[in-house]
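Chemist: Please model the complete structure; the sequences and the hints are all you need to start from.
Start counting the sequence shown at -13; every next residue gets the next number (the working numbering).
Calculated from the structure, these hints are not laboratory results.
Ideal Cβ positions, reconstructed from N, Cα and C, are used throughout, including at glycine.
Honestly, I wouldn't trust all of these hints.
Ranges between beta-carbon positions, derived for each pair [as the list claims (entries may be wrong)]:
no. : residue 1 : residue 2 : range
1   : L155      : V298      : 38 to 44 Å
2   : G296      : P(-3)     : 41 to 47 Å
3   : V13       : A(-8)     : 19 to 25 Å
4   : A(-8)     : S164      : 28 to 34 Å
5   : R181      : D380      : 26 to 32 Å
6   : E24       : L155      : 27 to 33 Å
7   : L168      : E266      : 24 to 30 Å
8   : R181      : D146      : 46 to 52 Å
9   : R184      : A377      : 40 to 46 Å
10  : R181      : P144      : 28 to 34 Å
11  : M246      : L275      : 26 to 32 Å
12  : E9        : K270      : 39 to 45 Å
13  : E300      : L168      : 25 to 31 Å
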Amino acid sequence: MSARIAYDVGPPRGDDDVQALAEVLAVSFNAPAERILENFEAAGGAERLRVVRHGDDVVGGLLLIAMGQWFGGRSVPQAGVSIVGVEPAFRGRGAGRALIEETVRGLHADGVPLSTLYPATVPVYRAAGYELAGSRWDVRVGLKGLPTRSAPSDAGGPLDVRRAGDDDLPAMVAAQESFARLHAGTLHRDDFIWRRVRNPRRIPAHHHVVEEDGAITGLVSFIQTETADGFYDLAVSDVAALTTAAADRLLAFLGTHQSMAGAMHLQLPPHHALLARLPEWRAKAKLQLPWMARLAHVDAALAARGWPAGVVAELHLDVADDVVPANAGRRVLRVADGRATVEPGGAGSLRVDVRGLAALFTGFRTPDALRLQGLLDGPPEDRALAASAFAGPDPWMMEMF
-13 MSARIAYDVG
-3 PPRGDDDVQA
7 LAEVLAVSFN
17 APAERILENF
27 EAAGGAERLR
37 VVRHGDDVVG
47 GLLLIAMGQW
57 FGGRSVPQAG
67 VSIVGVEPAF
77 RGRGAGRALI
87 EETVRGLHAD
97 GVPLSTLYPA
107 TVPVYRAAGY
117 ELAGSRWDVR
127 VGLKGLPTRS
137 APSDAGGPLD
147 VRRAGDDDLP
157 AMVAAQESFA
167 RLHAGTLHRD
177 DFIWRRVRNP
187 RRIPAHHHVV
197 EEDGAITGLV
207 SFIQTETADG
217 FYDLAVSDVA
227 ALTTAAADRL
237 LAFLGTHQSM
247 AGAMHLQLPP
257 HHALLARLPE
267 WRAKAKLQLP
277 WMARLAHVDA
287 ALAARGWPAG
297 VVAELHLDVA
307 DDVVPANAGR
317 RVLRVADGRA
327 TVEPGGAGSL
337 RVDVRGLAAL
347 FTGFRTPDAL
357 RLQGLLDGPP
367 EDRALAASAF
377 AGPDPWMMEM
387 F
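Modeler: In C-alpha cells:
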C-alpha cells in the first residue's frame, strides 16, 4: 500500500503561486491562463484564492466568491466555490479532497455560514460535507404567438420599456434584490457576479427596464445567439419583475422579437410566477445543473437565515460532521417570529448529517426524503416539526459562478 501523500492548503504565497494556479486551471478548463488571471482579479485578487501544494509545487486550487444567498427573506453570507482544478498527475490522489476539506475548515474559522458550488463531480464534495441543495434551470419559450403588447396598467395605458443606461445600475440592483429576496437560494450578488450577468459569455448584453411611478419595477438583460436557420434566440441573463404589470410588459417586450427570433431562454424554475403569466404554455424546461451547499458554520447559518413568520418550533438537533468537528454535536434550535436562536445541548432527538442539514436548510429536501437518503433520522413528530420550520419555496439560482 502506498503512503498517503501530504498536502498543504492555504492562500498563495506570492505572484508565482498565483501564476502556477492559473496554469493548472487553464489545463483543467481548457482556457487561456490570461483569462483565468482576469477572473482572479475581478473576484478580488489573490486573497480570494486557495491553493493546494505538494512540497513547494502548486498542484491545484480554487476561487472563493464572497456574496450572499436569500433564504426566508434574509441574505445569508456565503462563499461561492468556483473554478476548482487539480493538476492531472495529482487527480485521484487526494489533492482535491484535501483542498476542499481545508477550505471548508478555513471558512468555519472565519465565521462564514454557508458555501455553495456547481459540481463537476459530486463524490469529492460530498466527502467534504456538501450536498445537492438546489437547481439551475433552462426554460425555452417559443416566441411565436406571444402577445407583443401588454394589457393596460393601473395607471391607464401599457407600461413603457426603455433601454437602460449606466446611471440606472443602482436602481436595477435594488429592484433585482427586491425580486431575489422573495425566493429561496437566489444570489445576493457581489460586483463580480453583476459583471458576469451584464456581460454573459464576455458579450455585452442589452439591458431594458420597466418603470412605474418613476421606480424601476422590471428589468431584463439578454444577448442574441445565432441559430442554424440564420435567425437568433434570446439568451436572457437577467430578469426581474416586482408587479404583475411589469411581468406582462417584459414578456410582451420579449415577444416583439418574434419576427427574427425563434425562442428565448430563461434561467427560471418552470413553476416561477413570471412564466405563469404566459398566455399559452409554449415552454420546455430542462434541469441545467444542480448546485450543492455546505453549512460551513452550522450555528451561524441557522441564525442568519429567515424563517416562516407563523412557525414556532423547538428542534433538538444532533449534527454529524467529520470534517469540521466544531459543527458536530447537540444543539437546540428555537424558531419564532421569523428568526432563530441556537444553543448547545438538548436531547439530540433529530439526528442529521451535515450534508442532510444543508439540503434541509435550503428547502431542497424534506426530513422524510432525507431519512430515505440515510442523512436524517428521528421521531415522526420531530420530522414533521422540522418540515414546518424549514418549509419554503424550491431553491434555485439564475447565475453561474
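Chemist: If a hint holds in the structure, say so; if it does not, say that too.
Modeler: Tested hints:
| no. | hint | in the structure |
| --- | --- | --- |
| 1 | L155 with V298: 38 to 44 Å | holds (41 Å) |
| 2 | G296 with P(-3): 41 to 47 Å | holds (45 Å) |
| 3 | V13 with A(-8): 19 to 25 Å | holds (23 Å) |
| 4 | A(-8) with S164: 28 to 34 Å | violated (49 Å) |
| 5 | R181 with D380: 26 to 32 Å | holds (28 Å) |
| 6 | E24 with L155: 27 to 33 Å | violated (21 Å) |
| 7 | L168 with E266: 24 to 30 Å | holds (25 Å) |
| 8 | R181 with D146: 46 to 52 Å | violated (27 Å) |
| 9 | R184 with A377: 40 to 46 Å | violated (34 Å) |
| 10 | R181 with P144: 28 to 34 Å | holds (32 Å) |
| 11 | M246 with L275: 26 to 32 Å | holds (29 Å) |
| 12 | E9 with K270: 39 to 45 Å | holds (40 Å) |
| 13 | E300 with L168: 25 to 31 Å | holds (28 Å) |
Figure legend: structure checked against the earlier numbered hints; hints not met, in rising order: 4, 6, 8 and 9.
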